[in-house]
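Enquirer: Line order of the protein sequences matches chains A and S.
Read in order, the letters of the first sequence are residues 1 to 258 in the working numbering.
Read in order, the letters of the second sequence are residues 1 to 81 in the working numbering.
Worth flagging that the hints you see were computed from the coordinates, not collected in a lab.
Virtual Cβ for every residue (Gly too), placed ideally from N, Cα, C.
Worth double-checking, as some hints may not be accurate.
What the hints assert, rightly or not - Listed next, with one range per pair, are the computed distances between beta-carbon atoms:
#1 S:Asp74 / A:Glu25: 19 to 27 Å
#2 S:Asn71 / A:Ile158: 24 to 32 Å
#3 A:Arg73 / S:Asp74: 30 to 38 Å
Unchecked claim - With a Cα cut of at most 20 Å, we get these calculated SDA-like pairs of lysine to any residue:
#4 A:Lys133 / A:Val254
#5 A:Lys226 / A:Leu169
#6 A:Lys148 / S:Lys78
#7 A:Lys148 / A:Ala113
#8 S:Lys78 / A:Gly147
#9 A:Lys236 / A:Tyr28
#10 A:Lys258 / A:Phe79
#11 S:Lys78 / A:Asn90
#12 A:Lys111 / A:Arg73
#13 A:Lys226 / S:Asn71
#14 A:Lys148 / S:Asn71
#15 A:Lys180 / S:Ala73
#16 S:Lys78 / A:Lys133
#17 S:Lys78 / A:Pro173
#18 S:Lys78 / A:Glu175
#19 A:Lys132 / A:Asp64
#20 A:Lys256 / A:Val128
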Amino acid sequence: MKLTTILGSHILAVLFTFSIANAAEWSYEEQKHWGSIQDHSQHEAPHIYPYAVCGIGQHQSPVDLATSYASKRLNNLKFRYYADAPDFFNTGHAVQVNLSNDYQGELLVGKEAYPLIQMHFHEPSEHVIGAKKFPAELHFVHVRGDGKIAVLGVLLEIGKDNPVFQTILDNMPHEGGELKQDSGIWLNIASLLPEKRDEYFTLAGSLTTPPCSEGVNWYILADATKISEVQLGQLKSFFSGNARLPQELNNRAVAKKK
Amino acid sequence: MIVRQSIIFLSVVVLFTFSSLAVATNQGSEEKNQTTLIINSAQQTPQHPQHQIPKDKKIEQLESSKPIKSNMADYCRKHTC
Chain A
1 MKLTTILGSH ILAVLFTFSI ANAAEWSYEE QKHWGSIQDH SQHEAPHIYP
51 YAVCGIGQHQ SPVDLATSYA SKRLNNLKFR YYADAPDFFN TGHAVQVNLS
101 NDYQGELLVG KEAYPLIQMH FHEPSEHVIG AKKFPAELHF VHVRGDGKIA
151 VLGVLLEIGK DNPVFQTILD NMPHEGGELK QDSGIWLNIA SLLPEKRDEY
201 FTLAGSLTTP PCSEGVNWYI LADATKISEV QLGQLKSFFS GNARLPQELN
251 NRAVAKKK
Chain S
1 MIVRQSIIFL SVVVLFTFSS LAVATNQGSE EKNQTTLIIN SAQQTPQHPQ
51 HQIPKDKKIE QLESSKPIKS NMADYCRKHT C
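So here's chain S without its partners, still in its complex pose (with noise of 0.2 Å):
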């Protein structure tokens, strides 16, 4: 009864772990996935910057079309002025 009982739960643990291992390997596969769409986007972003560029990008460069900001002082010494 006692060697039943074993042998069912080491069943459970086994397949609990086996599915888990399953589910994480398919999360990191979904992830590089993303990441290598998200590398794709920077690269094109040259022909299609509007819609390819992320958000915080996008602030980015609004910023640097604007001299007269807060941090004025490094734009200086990057620049002529």
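Only chain A is shown next, with the shape it has when bound in the complex (with noise of 0.2 Å):
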């Protein structure tokens, strides 16, 4: 019996690696087509198509900001970032922070609280602003147990350089997939943010990778936080054009905090 539920262990192992080395690929150059690419483990109609949402979904992300409208009955937000010895994760498509498990930082928006999960960055900016788009993005994500996300995207721009940025760059492991943990390596997550951080635009959205997923809420800081020339030069060496284009936004409004 003992050696039946073993071997039956192992042959899951062996199965979920296997689920996962399936996953249907997916790359920035072929972001046109993330709705069509097939999973050809699956051969039932829906599951064939696991990015479906990013070709016929009416609320996806990024989107240009240009459009907005001034509100001042917006949610102020409050920044609860503390710092954290975190894992350096290269995911294979972005530079990747993620918080450690009993991290506590948190972003409220109003009096609802948005735990942190991960940080990582897109080259060059995936949201913009009417022609202007910003050398890089740096996404906050930040996930309820209910499941309910909200992302709060931080443009970046050329200035000074972000000590913390730095860390993060000479932390970053290499090669795709792969993960630094238990590094020791505290960050000051605060300082990643922009001086100003009252004003901010805001609408309904979706992931900004494959699958798309709708529902996500999206922040996006109006002010820029600075980082260097040289800096902006080593995220390109980790990853260059890894945002997704402006997406329509289909009768949707983009509020802006005043």
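Put the complex together from the two separate chains, hints included.
Expert: In structure tokens, the structure reads:
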């Protein structure tokens, strides 16, 4: 009986590994076709196209923020971002920092708290303001216990170097899929935010990577964080062009907190 | 008389033990065959996933193709989100 149990668990482990290895691959070069990428391990119609929402979703991100309307009735944002010794993760698509499992930092939208889970970078920016595209964009991903997601977008522009960003670059593994755990390196997360944090754009959108799931609350700070030209070059040495193009608003309105 | 009964008793015990061993060995052999079949089906999964993947595995795959799920935090640690 024990032998059967052990063998069974081994077989399940092998199958689980197989399912991860079999996940449908995607790239930024073919982003216009994300919706039609097929998962060949699936044979039932809805599951053959795991990223269909990328193609047919009506509330996709990123967007052009230029058409925003000003509003004073929006919630204030409060950033309870504490220092942490995170994991450094090269996802194969972006430079990512995973906060530790017991991290207490969170974003407060009015009275609603969203725990901070991870941060990652896009080069160039994904959100644009009219014709203006920023050199890079940082996403703070927050996930509540019920699965509700809020992403804080911080646009990055060229200026003086940012020491915390430098620490991230210096500790990031160079191989895609490589995770640097238990480094013991502490980051002052709040130092990645711009000084002015009270004005922001907001709308309902989606994940900007496949499967492009909708129902994500977006908050993009109006002010940008500065990084140096050298740091931007270092970011590009990891990933260049890992940004989804702006998507149609489709009757959505972008509000701007003044 | 006592000797004769003892011989009969011992014979019964030996026969019982032997038959139990034979049944156990046969069951082990069947289990081994079943295991081999399961491993084979796992190896064949890439060609015929619809028919070969066990029920538990199917649930796992359906969930992995549905990103907004209860353990979204874990998903977002493993993916760019």
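Enquirer: Evaluate each hint against the coordinates.
Expert: Status of each hint after checking the structure:
1. For Asp74 (chain S) paired with Glu25 (chain A), a C-beta distance near 21 Å keeps the hint of 19 to 27 Å intact.
2. Remark: the range hint 24 to 32 Å for Asn71 (chain S) to Ile158 (chain A) is contradicted by a beta-carbon distance near 38 Å.
3. For the pair Arg73 (chain A) and Asp74 (chain S), the supplied restraint of 30 to 38 Å holds, since their beta-carbon distance comes to about 35 Å.
4. With a CA separation close to 17 Å, the supplied pair Lys133 (chain A) and Val254 (chain A) stays within the 20 Å bound.
5. For the hint pairing Lys226 (chain A) with Leu169 (chain A), the CA-to-CA distance comes to about 15 Å; that is within 20 Å, so the pair holds.
6. With a CA separation close to 17 Å, the supplied pair Lys148 (chain A) and Lys78 (chain S) stays within the 20 Å bound.
7. Restraint check for Lys148 (chain A) and Ala113 (chain A): the C-alpha separation of about 11 Å stays at or below 20 Å, so the hint holds.
8. In summary, the hint linking Lys78 (chain S) to Gly147 (chain A) is supported, as the alpha carbons are separated by about 15 Å, within the 20 Å threshold.
9. Of the pairs offered as hints, the one joining Lys236 (chain A) and Tyr28 (chain A) holds, with about 14 Å between alpha carbons and a cut-off of 20 Å not exceeded.
10. Between Lys258 (chain A) and Phe79 (chain A) the alpha-carbon distance is near 17 Å, which keeps this suggested pair within the 20 Å criterion.
11. Taken as a hint, the Lys78 (chain S) and Asn90 (chain A) pair is honoured in the structure, with Cα atoms around 10 Å apart against an allowance of 20 Å.
12. For the hint pairing Lys111 (chain A) with Arg73 (chain A), the CA-to-CA distance comes to about 14 Å; that is within 20 Å, so the pair holds.
13. About 34 Å separates the Cα atoms of Lys226 (chain A) and Asn71 (chain S), which puts this hinted pair outside 20 Å; it is violated.
14. For the hint linking Lys148 (chain A) to Asn71 (chain S), the alpha-carbon distance of about 10 Å falls within 20 Å, and the restraint holds.
15. Distance check on the hinted pair: Lys180 (chain A) and Ala73 (chain S) sit about 19 Å apart at the alpha-carbon level, within 20 Å; holds.
16. The straight-line distance between the Cα atoms of Lys78 (chain S) and Lys133 (chain A) is roughly 28 Å, outside the 20 Å bound, and the hint therefore fails.
17. Restraint check: the Cα-Cα separation between Lys78 (chain S) and Pro173 (chain A) comes to about 15 Å, which is no more than 20 Å; the hinted pair holds.
18. Under the criterion of a C-alpha separation no larger than 20 Å, the hint pairing Lys78 (chain S) with Glu175 (chain A) is consistent with the structure, at around 15 Å.
19. Among the hinted pairs, Lys132 (chain A) with Asp64 (chain A) is consistent with the structure: their alpha-carbon atoms are about 9 Å apart, no more than 20 Å.
20. Distance check on the hinted pair: Lys256 (chain A) and Val128 (chain A) sit about 14 Å apart at the alpha-carbon level, within 20 Å; holds.
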